Structure formats: structure tokens, C-alpha cells
Amino acid sequence: MHELTTPISDETIRSLRVGEPVAITGVMLTGRDAAHKWMIDTFIKKTRQPEGDDLETYEAIKPLLEGGLIYHCGPVVGGLDTKDYRFVAAGPTTSIREEPYQGDVMRHFHIKGVIGKGGMGPKTLQACQEAPGAYLHAIGGAASLIAQTVVKVLGVYKLEFGVPEAMWVIQVKDFPAVVTMDSHGQSQHAVVEEKSKKALDALLAKN
Amino acid sequence: MPDLTQSILELVRLTSTDLPPDVEKVLHQAVEREQPGSAARGALETVIKNVELSRKNSTPICQDTGTPIFYVHHPAGCSTQELRSQIEAAVVEATRKTYLRPNSVDSLTGKNSGNNLGGSHFPSIHFFEEEGDTLTIDLMLKGGGCENVGIQYSLPNSQLGAGRDLAGVRKVVLDAVFKAQGKGCAPGVLGVAIGGDRGTSYLASKEVLFQKLNESNPDPELAALEIRLTEEANQLGIGPMGFGGETTVLDTKITALNRLPACYFVTISYMCWAYRRRKMTVLTDGSVKYE
Chain A
1 MHELTTPISD ETIRSLRVGE PVAITGVMLT GRDAAHKWMI DTFIKKTRQP EGDDLETYEA
61 IKPLLEGGLI YHCGPVVGGL DTKDYRFVAA GPTTSIREEP YQGDVMRHFH IKGVIGKGGM
121 GPKTLQACQE APGAYLHAIG GAASLIAQTV VKVLGVYKLE FGVPEAMWVI QVKDFPAVVT
181 MDSHGQSQHA VVEEKSKKAL DALLAKN
Chain B
208 MPDLTQSILE LVRLTSTDLP PDVEKVLHQA VEREQPGSAA RGALETVIKN VELSRKNSTP
268 ICQDTGTPIF YVHHPAGCST QELRSQIEAA VVEATRKTYL RPNSVDSLTG KNSGNNLGGS
328 HFPSIHFFEE EGDTLTIDLM LKGGGCENVG IQYSLPNSQL GAGRDLAGVR KVVLDAVFKA
388 QGKGCAPGVL GVAIGGDRGT SYLASKEVLF QKLNESNPDP ELAALEIRLT EEANQLGIGP
448 MGFGGETTVL DTKITALNRL PACYFVTISY MCWAYRRRKM TVLTDGSVKY E
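Protein sequences appear in the order of chains A and B.
Quick note on numbering: my numbering labels position 80 of the first sequence as 80, and the sequence is numbered without any gaps.
Quick note on numbering: my numbering labels position 253 of the second sequence as 460, and the sequence is numbered without any gaps.
Derived by calculation from the structure, the hints in this document are not laboratory data.
All values reported here derive from a predicted model rather than from experimental measurement.
Any given hint could be a false lead.
[As the list claims (entries may be wrong)] Calculated Cβ distances over 12 Å to all of chain B for the following chain A residues:
hint: 1; residue: Glu3
hint: 2; residue: Ile96
hint: 3; residue: Pro100
hint: 4; residue: Val163
hint: 5; residue: Gln188
[To be verified] Calculated lysine to any residue pairs in the SDA-like style (CA-CA distance at most 25 Å, straight line):
hint: 6; chain 1: A; residue 1: Lys198; chain 2: B; residue 2: Ile434
hint: 7; chain 1: A; residue 1: Lys198; chain 2: B; residue 2: Glu295
hint: 8; chain 1: B; residue 1: Lys256; chain 2: A; residue 2: Glu99
hint: 9; chain 1: B; residue 1: Lys318; chain 2: A; residue 2: Pro21
hint: 10; chain 1: A; residue 1: Lys83; chain 2: B; residue 2: Lys256
Even glycine gets a Cβ: it sits at the ideal position worked out from N, Cα and C.
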């Protein structure tokens with residue numbers, strides 16, 4: 001088990017290899033479909049003008065993401081009426097939807113690790129080599145268990161995106177994940193896909 | 208008509224937080240098939256720990272509490288309008304109590320309604336009038352990750368060499384499992400509908416998932432295909448979470464619908480391992496039983 005503490009150094013990231021379990025401690029930011037699109041459109045491709053609290057939010061999340069982690073997660077959150085937020089259920093969501101955005105977001109904010117499930121594609125793998133960064137696979141559906149590693153909800157940005165899509169700042173302790181894409185160009189997902197394609201072709205040849 | 212809101216709320220709580228015994232059983236069997244120390248085994252051990260913790264703490268098994276899909280079988284004379292408002296009230300309360308995540312998003316504005324209501328299709332409620340005096344409500348919570356890997360094929364499919372017969376059905380189902388990889392939270396359960404039109408085929412592919420895993424298909428040919436598909440899907444080696452491993456699919460359920468002469472659809476609904484479905488039965492004395 002590799003212990004990871006945020007912020008994460010390049011050296012630590014380079015020491016991670018596919019297949020290795022990790023336990024993460026520190027601060028991370030959740031972000032999924034709406035957040036990634038917002039970051040790309042407003043600050044990276046700049047196809048829309050910042051409005052409302054966009055600039056303020058950007059300045060606030062920058063230091064959190066510098067050497068940090070983004071977690072593809074749309075949590076169930078308690079304490080919404082009192083703003084005394086707590087994570088009730090918080091497993092990963094499917095990461096591949098962020099494939100068009102993730103690499104550019106990693107480069108822009110100097111993100112060292114992306115946490116999610118299901119793996120990502122060649123663009124993100126390329127960014128992992130450049131950043132350097134790693135993709136950390138959490139166990140899909142293990143929501144109650146993962147929520148217990150969230151020791152504190154430190155804040156939230158863009159709650160108007162809705163509870164699942166908002167960017168939650170969380171403090172975690174021993175958050176469990178497995179490295180499935182590393183900074184050396186290795187992807188467990190590419191390996192499994194290739195092997196399963198061969199097995200599929202063999203099965204399709206039979207009646 | 209009695210107010211069933213509190214009983215339906217309990218149905219939602221149970222469905223979200225307590226995995227049905229037949230599903231938990233096959234997950235335990237799947238752990239034993241994976242190599243000790245492998246990522247696949249570790250994933251399944253975590254899954255089982257999470258199932259136990261969710262039951263104990265009454266918290267959602269998965270944060271994606273999905274589309275709430277209700278099937279109501281009611282006696283003659285029941286007001287479906289009243290039942291709908293009771294179901295909606297229970298869903299709102301379940302969201303407030305964090306058994307459900309607010310999941311209903313306006314497709315045009317992107318706004319989340321915050322209470323899991325929205326239009327006439329969210330939650331998804333289906334009513335059927337039945338003979339007798341019993342009212343039953345089945346609920347399935349189907350998350351977005353596995354919903355995204357659902358797929359429909361129109362046969363023949365020359366790329367896969369799939370013709371309009373069960374041999375062709377077999378080929379497209381295996382292709383669907385390959386395409387899903389680990390993205391639908393493998394190991395999953397396949398709901399397969401053969402025939403229908405595009406719409407009814409998708410509906411039937413979900414309805415077949417209300418069957419228990421230990422119930423075998425009454426049609427011997429389909430029963431044999433279900434077993435073969437589960438075995439062959441596992442030969443793909445995708446494994447839990449797509450980490451590689453022995454169990455990619457826990458079970459397969461197939462149903463067949465009449466079709467048009469011109470159409471031959473095969474629809475696959477992929478259900479993640481967090482296969483949340485429960486039933487409540489309201490007996491004639493007003494008592495409620497859950498299973």
C-alpha cells in the first residue's frame with residue numbers, strides 16, 4: 001500500500017505504477033461533467049465570458065488543484081439546509097465522460113491525480129505522462145465505505161450546478177484506490193480491453 | 208384508499224441501502240473465484256464490505272441512486288393518480304433524508320430540481336391493473352453509469368456476423384459486454400430483450416431485471432442461452448471494475464417480445480453490481496410486507 005498525501009510531488013507520482021493500491025490523505029476537489037465543461041469553456045478554451053462568481057471560484061480552486069487531486073464524484077450530501085455538510089455516500093462516477101477535457105484541465109491546473117472509475121483514454125494517458133500524473137481507480141458503488149474516509153467537508157463551489165455536479169472541497173483520510181494509469185504510459189484499461197477483444201473475436205468465430 | 212406514503216418511503220430506504228439477498232449471495236460466490244491478492248478480489252471484498260456497512264448505517268449503497276423505476280400492480284378501483292402523488296411524496300422525503308441523491312436534471316436548462324421530481328417521467332412509474340385484492344410496488348434504482356452502457360442492436364449486424372436468430376442474439380450480447388468493459392460497474396447483470404419496437408424493447412430489457420437471480424427462465428432455449436452467455440461473458444476476462452478477472456457478469460436474464468416482420472431488435476440493459484430492487488406488498492388487512 002502506497003500512502004499518498006496532498007499536495008503530491010512529481011517524484012511521488014513517478015514512483016506510482018499500474019496495479020499498486022494507494023491510500024490517500026489530504027484535501028481534494030470533486031468535479032464531474034458540468035465542472036469540467038465550465039473549466040474548459042470559461043478558462044481554457046475561453047469560448048464563454050466569465051460571469052457571476054466564476055473568476056472568484058477560479059482563484060479559489062487554483063491553489064487546491066495545484067499538485068492536487070480531482071475526484072469524479074457526485075456525492076449524496078447531508079446537512080444541505082443548515083450548510084453543515086457531511087458526505088453520506090460518495091463513490092466514483094464513470095470517468096470516460098471527461099476524456100475530452102481531462103488532459104487540458106490537468107495541464108492548466110497542474111493536477112497530479114485524477115480519481116474515478118472505469119478508466120480513461122489516450123488523451124488523458126498522454127497528459128499523465130506530461131504532467132506527470134496518474135489515474136487512481138476507486139471502487140465503483142462503494143459509496144458508504146468511501147464516504148467514511150471523508151473526514152470533513154471544507155466547502156463547496158458552484159452549488160448551482162446541483163449537488164452531484166458541484167465542486168466539493170473535502171478532507172480525506174486513507175481514501176482507497178488503485179493506480180490503473182501511470183505516468184509511464186501504462187494503462188491497465190488498455191491492456192484489459194486488448195485482451196478482451198481477442199477473447200471476443202474467438203467467441204464470435206463460434207456459433 | 209389508505210395513505211401509503213410512509214410505507215413507500217420505507218421501500219425506497221430499503222432499496223437504496225440494503226442489497227437484495229440473491230444479489231449479495233452471488234457477489235460472495237464471485238469473490239471466491241478471484242485470485243487472492245488480485246485487484247479484482249480486492250474490489251469485490253470492498254464491494255461486500257460496503258454492502259454490509261450501508262445496511263448497518265442505512266446509507267445509500269451507491270451515491271448514484273439512479274432513476275427510481277416503480278412498477279405498481281393494483282386491484283381494480285385504485286386511484287393511480289393518488290398512488291402517483293404518494294410515490295412522489297415518498298421520493299421527495301427520501302431525498303430529504305439522503306436515501307436518494309437529487310438526480311432529476313432539466314435537459315434544457317441543466318437545472319437539478321433538487322427533489323427527484325420533474326415532468327411525468329421522473330420518477331418513472333408504471334401502473335398495471337390486476338385481478339385480486341393485493342397491491343404490489345416494485346422499485347428498481349438504476350444508476351447512470353450502467354445506464355450509459357446499455358445498447359440496442361438491429362439485426363442482422365454484418366460486422367458481428369449476427370443474423371436474426373438466437374445465435375445472432377448471442378453475438379451482439381457478447382459485443383455489448385465487451386463495449387461496456389468496466390464502465391457499468393462490473394460485475395453486472397444483463398437484462399436482454401429480443402424483439403419489440405425500439406421503445407418496448409428497452410422497457411422489457413429493464414422489466415426482466417425484476418426477476419430474482421435464482422429464478423430460471425421458463426423457456427428452455429432461453430434458459431440455456433442465459434447460462435451460456437454468462438459463462439462466455441466471463442471468458443472475456445474484463446473482471447470486477449474492469450481490472451481483469453474471472454467475473455464480468457453475474458447473471459443474464461432474457462425475454463422475448465413479438466416484433467414487426469421488418470424489425471429484429473436486441474436490447475441490452477446492463478445492471479451494475481449494486482443491483483437495487485425491492486418489492487412491497489400491501490395485504491388486504493392493510494399490513495405491508497417487504498422482500
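Cross-check of the supplied hints:
Every CB of chain B lies more than 12 Å from the CB of A/Glu3, the least distance being 17 Å, so the non-interface label holds. For A/Ile96, the condition that its CB be more than 12 Å from all CB atoms of chain B is violated, with the nearest at approximately 6 Å. No Cβ of chain B approaches the Cβ of A/Pro100 within 12 Å, the least distance being about 15 Å, so the stated non-interface status holds. The beta carbon of A/Val163 sits about 5 Å from the closest Cβ of chain B, which is not more than 12 Å, so the claim that it is off the interface is violated.
Its closest Cβ contact with chain B, about 7 Å, brings A/Gln188 to no more than 12 Å, contrary to its assignment away from the interface. For the hint linking A/Lys198 to B/Ile434, the alpha-carbon distance of about 22 Å falls within 25 Å, and the restraint holds. The straight-line distance between the Cα atoms of A/Lys198 and B/Glu295 is roughly 47 Å, outside the 25 Å bound, and the hint therefore fails. A C-alpha spacing of about 30 Å is found between B/Lys256 and A/Glu99, which places the hinted pair above 25 Å, so the restraint is violated.
About 37 Å separates the Cα atoms of B/Lys318 and A/Pro21, which puts this hinted pair outside 25 Å; it is violated. For the given pair, A/Lys83 sits about 30 Å from B/Lys256 by alpha-carbon distance, which is inconsistent with the 25 Å threshold.
In this structure, the earlier hints numbered 2, 4, 5, 7, 8, 9, 10 are contradicted, and the remaining ones agree with it.
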